[in-house]
Amino acid sequence: MTDVPLDRIRNFSIIAHIDHGKSTLADRLIQTTGTVALRDMKEQLLDNMELERERGITIKAQTVRLAYKAQDGLTYTLNLMDTPGHVDFAYEVSRSLAACEGSLLVVDASQGVEAQTLANVYQAIDANHEIVPVLNKIDLPAAEPDRVKQQIEDVIGIDASDAVMISAKTGLNIEGVLEAIVTRLPAPSGNPNAALKALLVDSWYDAYLGVVVLVRIKDGVLRKGQKIRMMSNGSTHTVEQVGVFTPKMVPVDYLSPGEMGYVTAAIKTVADTNVGDTLTEDRNPASEALPGFKPSVPVVWCGLYPVDADDFEKLRESVGKLRLNDSSFHYEAEHSAALGMGYRCGFLGLLHLEIVQERLSREFDLDLIATAPSVVYKIRRTNGVVSELHNPADMPDPSVIDEIEEPWIKATIMVPDEYLGPVLTLCSERRGQQLELTYVGARAMAVYRLPLNEVVFDFYDRLKSISRGYASFDYTVDDYVAGDLVKISILVNAEPVDALSFMAHRSQADRRGRQICEKLKELIPRQLFKIPIQAAIGGRVIARETISAMSKDVTAKCYGGDISRKRKLLDKQKEGKKRMRQFGKVEIPQSAFIAALKMDA
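Its first residue numbered 1078, the sequence shown is counted upward by one per residue in the numbering used here.
There are no misleading hints in this set.
With a straight-line cut-off of 30 Å between C-alpha atoms, the simulated DSS-like cross-links for lysine-lysine are:
no.	residue 1	residue 2
1	Lys1301	Lys1398
2	Lys1304	Lys1398
3	Lys1607	Lys1596
4	Lys1541	Lys1246
5	Lys1325	Lys1246
6	Lys1325	Lys1301
7	Lys1146	Lys1325
8	Lys1651	Lys1598
9	Lys1391	Lys1345
10	Lys1487	Lys1541
Here are the simulated distance ranges between beta carbons:
no.	residue 1	residue 2	range
11	Arg1085	Glu1317	23 to 33 Å
12	Pro1362	Arg1224	46 to 56 Å
13	Arg1224	Leu1514	14 to 24 Å
14	Pro1328	Pro1362	21 to 31 Å
In short, the hints are calculated from the structure, not lab data.
For glycine and all other residues, C-beta sits at the position ideal for the given N, C-alpha and C.
Make a model of the complete structure from these sequences and hints.
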């Protein structure tokens, strides 16, 4: 492999809001540079997970190396990172940006700047990136490039006068993007003679090679046969293979400063490769590690249980394997009286939860029940100890609790002016506090502080429906604030059902309790005795519904005669029903659980 001079390498990522054309632009760049033969080209080439292709979204950041002969006659090596646009995968975006020096900011020329365009571009500015604005979809009749350029300057504050105008779908002006990458983005810096320093950007498990580690070389040279050390945990490994993605894995002799590539070293578990760690040579280690990434912190937790209890072993293996490919997924075993053995799982958001659930059922053929999602609360006890509460069923006795803190988020909502009223009402209903409200042309940008607990259920769905799908939403977790929070227990026939208990603010408790009782009344089949369904806070019942008993006509055989004969039979039936209610067990069918847990909050 020939040496590539540092000044001819460009590392860049593509950032944009969902559906603004990141993956399509990546396809065109790969095609234009001839990296992949025409017969192997397909739509969304870098989205190699079946789920990504089906939903048309990017879940994992992917990397590819392109060779481009520029107009100045020199050949440049371009390392591209295609990043996700969804807020739940912002963690993937931050890792990709740390490995690059520049970004292409793709904005849809008809829709303009959206909420997650802002979130991702601020991450790029924080990473000191050079940013090249690219206006995509300029071939659409609704495209307004001049308005969108002005919007980029007004909202983001970067110069968009020389934005590159393209259509990624038709391939219009892709050469212009490649020239902009070469001329406007900076080259990486690094010293090949210094001690090896490589940033660990990502890692995943391969059944044949063990753990594959994606690295960005900062200083030194990484070659086959070298003994490397992870600086965070001190573990050492011998490099078996180094290579680059084109986007197939292609082995090379070595990787030099500024380059991106992969390393395999017979590493058994992904847990040994902490993302953001620094790789160095064992014999000649670097004096200090590179600044890593903040570890991902789950914000939403829910219980996952197999529908068939015999599948628990299979679920245990499956979550272990999934964790190998997704370091932001957390889990711990738990037991529920109603649902048996399962796992309490932590996610970065609701889409992440949905994707993990879908992957478990598809890739591992599991039939699962998910309990209602809840956020992580902090319990401050009277003795000064602070503990985290992942599952409302584990809430300690209220007498030992000093206060409960819940996570709040800072949400940015961009919405056309005509839908602003209902959006502001929705935020107020969810205990939101307005921070600012500004206008960009005919669109409003509202910034709110909201409790995460009010967002995890159906906030996003409600927002989309009241704005006819035009609103875009992005959030970052802000901090923990003490609130008047209560645990609502659901009792069926005076027996608490732990899987249905949840946390709510006291002001919303009555409404939420009533809703779930009404829902369960429809779902639980009738028995021969009355079944009370109650929602309670501690010992105080706040809502109740009663499922009436199925009645057998015990007086059918009495024709005429004394009323006391009928009365005796009815009293006997009443006694029997009383005894049944005392000893009778109410079996709540699995379907009722699933439907109750899918309840719109």
